[in-house]
Amino acid sequence: MNLPMLCMQSRGLSTSSALSQVIRLTRLRVVDNSEIGKQAMAEGKPPYVFHVYNKMGVGYIGDRVMVAIKGEKKKGILVGLKQNQKKKVPKFDTNNLVLIEDNGSPIGTRIHVPIPHILRTLMKEKTHSKGADYTKLIAIASRFI
Amino acid sequence: MAMSVRVRLGSQFRNIMRVCFHENRHMSTAEIVVEKSENPKEPERISLEEQQRLNDIAKNERMEKLLNMRFAYQEFLPDPNPKNRNTLKERLERRDMLARRSNVEIPEFYVGSLVAVMHSDPHAPGKNNRFMGICIQKIGAGLRASFILRNFIDGEGVEINFDMYDPTIQRIDVIRLEKRLDEELFYLRDAPPEYSTFPVDMEPEYQPEGSAVPVNEIKVPLKPLPWLVKWERMGMKGIRDVTSMLTEKRLRMSKLKQFNKPWEKYDLLKMYSETIPIEDQVEIFSEIQEKLHELEQHRYKMKRSRNFVKPTKMG
Numbered sequence: 001m002n003l004p005m006l007c008m009q010s011r012g013l014s015t016s017s018a019l020s021q022v023i024r025l026t027r028l029r030v031v032d033n034s035e036i037g038k039q040a041m042a043e044g045k046p047p048y049v050f051h052v053y054n055k056m057g058v059g060y061i062g063d064r065v066m067v068a069i070k071g072e073k074k075k076g077i078l079v080g081l082k083q084n085q086k087k088k089v090p091k092f093d094t095n096n097l098v099l100i101e102d103n104g105s106p107i108g109t110r111i112h113v114p115i116p117h118i119l120r121t122l123m124k125e126k127t128h129s130k131g132a133d134y135t136k137l138i139a140i141a142s143r144f145i
Numbered sequence: 146m147a148m149s150v151r152v153r154l155g156s157q158f159r160n161i162m163r164v165c166f167h168e169n170r171h172m173s174t175a176e177i178v179v180e181k182s183e184n185p186k187e188p189e190r191i192s193l194e195e196q197q198r199l200n201d202i203a204k205n206e207r208m209e210k211l212l213n214m215r216f217a218y219q220e221f222l223p224d225p226n227p228k229n230r231n232t233l234k235e236r237l238e239r240r241d242m243l244a245r246r247s248n249v250e251i252p253e254f255y256v257g258s259l260v261a262v263m264h265s266d267p268h269a270p271g272k273n274n275r276f277m278g279i280c281i282q283k284i285g286a287g288l289r290a291s292f293i294l295r296n297f298i299d300g301e302g303v304e305i306n307f308d309m310y311d312p313t314i315q316r317i318d319v320i321r322l323e324k325r326l327d328e329e330l331f332y333l334r335d336a337p338p339e340y341s342t343f344p345v346d347m348e349p350e351y352q353p354e355g356s357a358v359p360v361n362e363i364k365v366p367l368k369p370l371p372w373l374v375k376w377e378r379m380g381m382k383g384i385r386d387v388t389s390m391l392t393e394k395r396l397r398m399s400k401l402k403q404f405n406k407p408w409e410k411y412d413l414l415k416m417y418s419e420t421i422p423i424e425d426q427v428e429i430f431s432e433i434q435e436k437l438h439e440l441e442q443h444r445y446k447m448k449r450s451r452n453f454v455k456p457t458k459m460g
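Taken in order, these protein sequences are the chains called Z and V. Just so we're aligned: 145 in the working numbering is position 145 of the first sequence, and the numbers increase by one with no gaps anywhere. Just so we're aligned: 434 in the working numbering is position 289 of the second sequence, and the numbers increase by one with no gaps anywhere.
Simulated from the structure, these hints should not be mistaken for laboratory data. This structure is a prediction, so every number in the text was calculated from the model and none was measured. Incorrect hints may appear among the rest.
[As the list claims (entries may be wrong)] Taking lysine-lysine and the DSSO-like style, the derived pairs with C-alpha atoms no more than 27 Å apart in a straight line are:
| no. | chain 1 | residue 1 | chain 2 | residue 2 |
| --- | --- | --- | --- | --- |
| 1 | Z | LYS87 | V | LYS234 |
| 2 | V | LYS364 | V | LYS400 |
| 3 | V | LYS368 | Z | LYS45 |
[Unchecked claim] Covered stretches of chain V (chain Z as the covering partner; in silico rule of three or more C-beta atoms under 8 Å from a C-beta of chain Z):
| no. | region |
| --- | --- |
| 4 | 255-269 |
| 5 | 290-301 |
| 6 | 304-313 |
Every residue gets a Cβ at the ideal spot worked out from N, C-alpha and C, and that includes glycine.
Based on the sequences and whatever the hints tell you, model everything.
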């Protein structure tokens, strides 16, 4: 056996599983039917995060992120994560994003993947009068689980 | 003193223990065949030795019956790690588990079974939520026992982790009772969607009472690389041959002894530290057996009475 491989085994490198956190430069999947989102996904150039609107810098379910998509910057909401979730909260196979405008209303008119029920509560909590209204996102969802 | 007794018993039961725990701890629920005692009509005629023999057989039968409960009621066995053992805590947890079971039926199911869970959800509009999927993991002991269900819904893979003794669970339905070849099915995440897609409104399939749980020997193909885990190293039985997908280096690496661990089957101490001794199991199951049997009888009666449908007038 060659030396580098032996070293790697003895040092036990890269043995932990991935955390799958949404941080800067994470690629996401757009799951609404907005024109820009559909084009970006069809071209195989999914948007990536360059800012997470919270203090940890890690995006959790219902968090707002700024993404770079087709040379533009857009805001979006994380509606489903790959990361391990709390009990009874669904965990998805992909990191899902719904694009929104600055006032919180979604750009698309339909979401074609299931949305966790907990997002209803989270979105209601984040909505303030005179601020952005995120509850419209819930209205365009096709199925909840 | 206690240690020496346990070790001596361990060596006495070594073969039984190997069969019981190591090879088919989670797999088989088939009853172990035991010589049945003949019903003695005239007990005074048989000799003392014969009487002794019959007693032994009867005792063995009872023991087997008790020990077979470890498959269906796996979570009643505590975590074997000596650091986490606490007899009082375990006893209290068992009491709470039985109390929960008297309110909600927690049926027997295994990794690979199709299960539907109905639970209260404050976020859902009707305050109730139902999720159905294949059980890909059953883990944890005592009140912390949990399981993961996986399904494909609208082309998106979804997994939900449930606590088995969660008070918000209203009903657990077993749609199809079966086992797979492995103890964990996380490779379904790397398999094509059709292998974890199940219609949500599936009707439950019933099996004749007392029949052994069938094992689904399906071998799942994997999607092309990259995978989430290096499955070729994990020694999974339910994966179709993947050697054609791998590079030469990965193939060589997967055959290394450190991944196959051929010494583990001789490691008696490892087996000892990962299992609960037979004496402890007998103690635990004889404690809960009566209550569980009572609950089962009650459910059976209720089911029978509920099955009666009043005839309706036609026309």
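Exercise for the section: Establish whether the coverage given for the region 255-269 of chain V by chain Z is satisfied; the threshold is a Cβ-Cβ distance below 8 Å, and no fewer than three residues must meet it. Expected result: holds (count 5)
Exercise for the section: State whether the coverage of the region 304-313 of chain V by chain Z holds or is violated, taking the criterion as 3 or more residues with Cβ-Cβ distances under 8 Å. Expected result: Per the Cβ count (7), the hint holds.
Handout entry: Verdict on chain Z covering the region 290-301 of chain V, criterion of 3 CB contacts below 8 Å
Key = holds (count 5)
Practice task
Measure nothing beyond the straight line between the CA atoms of LYS368 (chain V) and LYS45 (chain Z); if it is 27 Å or shorter, mark the hint as holding.
Solution key: holds, 21 Å
Handout entry: Holds or violated: LYS364 (chain V) to LYS400 (chain V), with C-alpha atoms at most 27 Å apart
Key = holds, 21 Å
Practice task
Compare the distance between the alpha carbons of LYS87 (chain Z) and LYS234 (chain V) with 27 Å, and conclude whether the hinted pair is satisfied.
Solution key: It holds: about 23 Å lies between the C-alpha atoms, which stays within 27 Å.
Checked against the numbered hints given earlier, this structure breaks none of them.
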